[in-house]
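Peer 1: Chains as they are written, first to last, in the numbering used here: chain A, 1 to 137; chain B, 1 to 137; chain C, 1 to 137; chain D, 1 to 137; chain E, 1 to 137; chain F, 1 to 137.
Take these hints with a grain of salt, some might be off.
It does not matter which identical chain is meant; a pair holds if it fits inside one copy or across any two.
Cross-link-like lysine to any residue pairs, in silico, SDA-like; alpha carbons within 20 Å at most [as the list claims (entries may be wrong)]:
(1) 93 to 23
(2) 28 to 116
(3) 28 to 115
(4) 19 to 55
(5) 32 to 21
(6) 50 to 115
(7) 32 to 6
(8) 50 to 135
(9) 32 to 106
(10) 93 to 52
(11) 28 to 8
(12) 77 to 23
(13) 28 to 65
(14) 50 to 105
(15) 32 to 75
(16) 32 to 62
(17) 32 to 8
(18) 93 to 37
(19) 50 to 102
(20) 32 to 85
(21) 32 to 84
(22) 77 to 107
(23) 28 to 64
(24) 50 to 123
(25) 19 to 57
Calculated directly from the structure, the hints in this document are not laboratory data.
Just so we're clear, the structure is a prediction, and the values are computed from it rather than from any experiment.
Protein chains: 6
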Amino acid sequence: MIYITRRERFNAAHRLFRKDYTDEENLKVFGKCSNPNWHGHNYVLYVTVKGEINPETGFLMNLSDLSRIIRERIVEKVDHKNINLEVDFMAGKYASTEILAESIWHQIADDIENHGARLHCVRLQESENNYVEYFGE
Amino acid sequence: MIYITRRERFNAAHRLFRKDYTDEENLKVFGKCSNPNWHGHNYVLYVTVKGEINPETGFLMNLSDLSRIIRERIVEKVDHKNINLEVDFMAGKYASTEILAESIWHQIADDIENHGARLHCVRLQESENNYVEYFGE
Amino acid sequence: MIYITRRERFNAAHRLFRKDYTDEENLKVFGKCSNPNWHGHNYVLYVTVKGEINPETGFLMNLSDLSRIIRERIVEKVDHKNINLEVDFMAGKYASTEILAESIWHQIADDIENHGARLHCVRLQESENNYVEYFGE
Amino acid sequence: MIYITRRERFNAAHRLFRKDYTDEENLKVFGKCSNPNWHGHNYVLYVTVKGEINPETGFLMNLSDLSRIIRERIVEKVDHKNINLEVDFMAGKYASTEILAESIWHQIADDIENHGARLHCVRLQESENNYVEYFGE
Amino acid sequence: MIYITRRERFNAAHRLFRKDYTDEENLKVFGKCSNPNWHGHNYVLYVTVKGEINPETGFLMNLSDLSRIIRERIVEKVDHKNINLEVDFMAGKYASTEILAESIWHQIADDIENHGARLHCVRLQESENNYVEYFGE
Amino acid sequence: MIYITRRERFNAAHRLFRKDYTDEENLKVFGKCSNPNWHGHNYVLYVTVKGEINPETGFLMNLSDLSRIIRERIVEKVDHKNINLEVDFMAGKYASTEILAESIWHQIADDIENHGARLHCVRLQESENNYVEYFGE
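All chains should be modelled from the sequences, with the hints used to inform the complete structure.
Peer 2: Next up, the structure:
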């Protein structure tokens, strides 16, 4: 069993808030992340897959396939976008890093299995001081 | 003559566009940075000051003063904000990294002189792949 | 189950040595880390907590609470301090990175549980070339 | 149980290819990594060991021993070398990051056990965008 | 006057040697960098351009143009290549970082002028411990 | 004219204070950096030299010579040491980053000239948020 991690990056705007809260209530719970005029981040995404080394190639999975899956299914949908308003797989959800990481998992897990590996971890870094990890369960 | 650099960080949303352009024209000139729903960055700001070492303290300038000036005059105004809509010293200007760096210079230069040093460089990093420097002239 | 990691930093002096050893014996076992005049590091501390996402907020745990716990219980006690001489929760212990990481765990685990998450890992980086991890068992 | 990670670095040339493939077939499967004239990387190697803290020293294992094992058994054999042509423990194997990581494990595991710790993970980073991890099974 | 820096990366193999030296002489002058079987690096290239901000766009120069120039004239020619054997603009030259940086300058300076900016600095990083800068004179 | 930068690192303890101040006065001027029990840092030192490329070697200066000069004249004297108490070239001086950078310049400038290059800049980084540069005048 071997593990490979691929890093991809995207820049996006978002806001943390509940529609049923007033601006004051949102400020109290979500702090400055609730700014109604949005703020944004340079997100760094690490996707780890696992499986057996293919004896034909010495690869677990071709990294160019893994990179293409992440770019097509995630980066092209979120890069230079507003996560709350424009990302189909985040529709109706909170735009927290936790839920974004979990949603990225479900967006790519099947396609990775179709390429002979299994998704192990989605790590999403929002700033140099915090990141979220989701292992699928 | 000695040079000291202080790093501070902020997260913000912005958009590159001209009001007199259509969305298509903005897309052609500014690319995905013109998204009308905004996008954002983790900006990293490096402020370099220069001057003589104070023989009383061994300091060019107290770093806690430099950090306070940057935080009061810049970070508190841009962090978790929309640069196009909410930042007083960017009103009526394009929200490009070039103009933001230049505007940060004018926002802090005098206050640094009042503390016995001279502003040498404002470096503003928008992503790991690009940054802007302004030396005041 | 989701995992969130928060990074905090502190600078401190320390020394590795046994009181019942001579300076020569300490030098043999602990190398230059046993210097009786101390040396120091920029420590980087990563605290990982785990739990369920709160459906009310989209958060596992408010990051500002996690940051406050780490700063109040750890950073304020060790930052710009001498780990051997001044840190209450290290009294009578060796100031190795291993024991410091383990001690940080016991210093914050309960308070994190009181905020609805569980402590998963304390990672303490002493230099760019080495770090220690403790998972509580 | 405590975990310690040591980082070491080396620069090397390599090529991904199968001898029984034509250059065109190698290009199709391995892309530009199959260049017959070689290319190279700054590899970053992280070795994680685990075990109990020694109550005599406060150490899991003396880091200078761990560093010496990695340098003698790995770095001196691969640094500024051609992985396909010159590295004894890679003879007859593909020079993929996966197989290199796995081979590094078998090269150092026993020696680490002889120093009172157990090898937990070999992480080998080929570029800022990808790394491989092997846990021994 | 404003300065913008763009970062691009490439991986390549090279060797430092003189044809008129024996292997022993090359080893004495160039150390392990003279290995006849090659070694390699993850090179990081920073290109800094300078000029006036264009009042129409708020840009010094469109970063996508700068990135395209660097990729077309440099990265496509050196990435996953052997610098001594395969790079047209290095033919007949030593493959030292100094000469590579200088050669990159002459490869891109004119094209940058054609886009309204002036080349200010080529910085080429060969490892985390060393880099070269060339300012064109 | 070409510029080369070499990075070296050291860990040390220090304290900012004036002997003629009380502890309270020192605390007021130097903050927590005045702790009488010391604190410490992982210092990162960048030394930049300049000159002409030697046509015999393609080098400005052999990097192994530059590294050796820095290690013999600086790192061996400050690494795992107390800057205030044990470093000969800092005797009788404040242990501020400014003065340490300036003193490092005078410690290595002549030896670099003896190897055919000229010292251009000493950059000394005390933490990820601040560094000092000295250019010799």
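Peer 1: Each hint: holds or not?
Peer 2: Here is what the structure says about each hint:
In this assembly of identical chains, residue 93 and residue 23 lie within 20 Å of each other by CA distance solely inside one copy; the values are 18 Å within and 28 Å between copies. Only between protomers do residue 28 and residue 116 lie at most 20 Å apart by alpha-carbon distance; the minimum there is 18 Å, versus 46 Å within a single protomer. In this assembly of identical chains, residue 28 and residue 115 lie within 20 Å of each other by CA distance solely across copies; the values are 17 Å between and 45 Å within a copy. For the homomeric pair residue 19 and residue 55, the shortest alpha-carbon distance between copies (14 Å) is at most 20 Å, but the shortest distance inside one copy (53 Å) is not.
With identical chains, the CA atoms of residue 32 and residue 21 are at most 20 Å apart within one copy only, with a shortest distance of 15 Å there and 32 Å across copies. For a Cα distance limit of 20 Å, the shortest separation of residue 50 from residue 115 inside one copy, 11 Å, qualifies, whereas the shortest one across copies, 30 Å, does not. Within a single copy, residue 32 and residue 6 get their C-alpha atoms only as close as 31 Å, which misses the 20 Å cut-off; across copies the closest is 18 Å, which meets it. Proximity of residue 50 and residue 135 under a CA criterion of 20 Å is satisfied in both settings, with 12 Å inside one chain copy and 11 Å between copies.
Taking the shortest Cα distances, residue 32 and residue 106 never come within 20 Å of each other, neither inside one copy (29 Å) nor across copies (26 Å). For the homomeric pair residue 93 and residue 52, the shortest alpha-carbon distance between copies (16 Å) is at most 20 Å, but the shortest distance inside one copy (35 Å) is not. For the identical chains of this complex, residue 28 and residue 8 are neighbours neither inside a copy (33 Å) nor across copies (23 Å), given an alpha-carbon limit of 20 Å. In this homomeric assembly, residue 77 and residue 23 come within 20 Å of each other (Cα to Cα) only across copies, at 19 Å, whereas the closest approach inside a single copy is 28 Å.
Proximity of residue 28 and residue 65 under a CA criterion of 20 Å is satisfied inter-copy only: 13 Å between copies versus 44 Å inside one chain copy. For the identical chains of this complex, residue 50 and residue 105 are neighbours both inside a copy (14 Å) and across copies (17 Å), given an alpha-carbon limit of 20 Å. For a Cα distance limit of 20 Å, the shortest separation of residue 32 from residue 75 across copies, 13 Å, qualifies, whereas the shortest one inside one copy, 26 Å, does not. Only between protomers do residue 32 and residue 62 lie at most 20 Å apart by alpha-carbon distance; the minimum there is 13 Å, versus 41 Å within a single protomer.
In this homomeric assembly, residue 32 and residue 8 come within 20 Å of each other (Cα to Cα) only across copies, at 17 Å, whereas the closest approach inside a single copy is 27 Å. Both within a single protomer and between protomers do residue 93 and residue 37 lie at most 20 Å apart by alpha-carbon distance, with minima of 18 Å and 18 Å respectively. Both within a single protomer and between protomers do residue 50 and residue 102 lie at most 20 Å apart by alpha-carbon distance, with minima of 18 Å and 14 Å respectively. Within a single copy, residue 32 and residue 85 get their C-alpha atoms as close as 19 Å, and across copies as close as 16 Å, so both meet the 20 Å cut-off.
Both within a single protomer and between protomers do residue 32 and residue 84 lie at most 20 Å apart by alpha-carbon distance, with minima of 16 Å and 17 Å respectively. In this assembly of identical chains, the alpha carbons of residue 77 and residue 107 lie at most 20 Å apart only when taken from the same copy (11 Å versus 36 Å across copies). In this assembly of identical chains, the alpha carbons of residue 28 and residue 64 lie at most 20 Å apart only when taken from different copies (12 Å versus 44 Å within one copy). Taking the closest pair of Cα atoms, residue 50 and residue 123 come within 20 Å of each other both inside a single copy (14 Å) and across two copies (14 Å).
With identical chains, the CA atoms of residue 19 and residue 57 are at most 20 Å apart between copies only, with a shortest distance of 11 Å across copies and 51 Å within one.
In this structure, the earlier hints numbered 9, 11 are contradicted, and the remaining ones agree with it.
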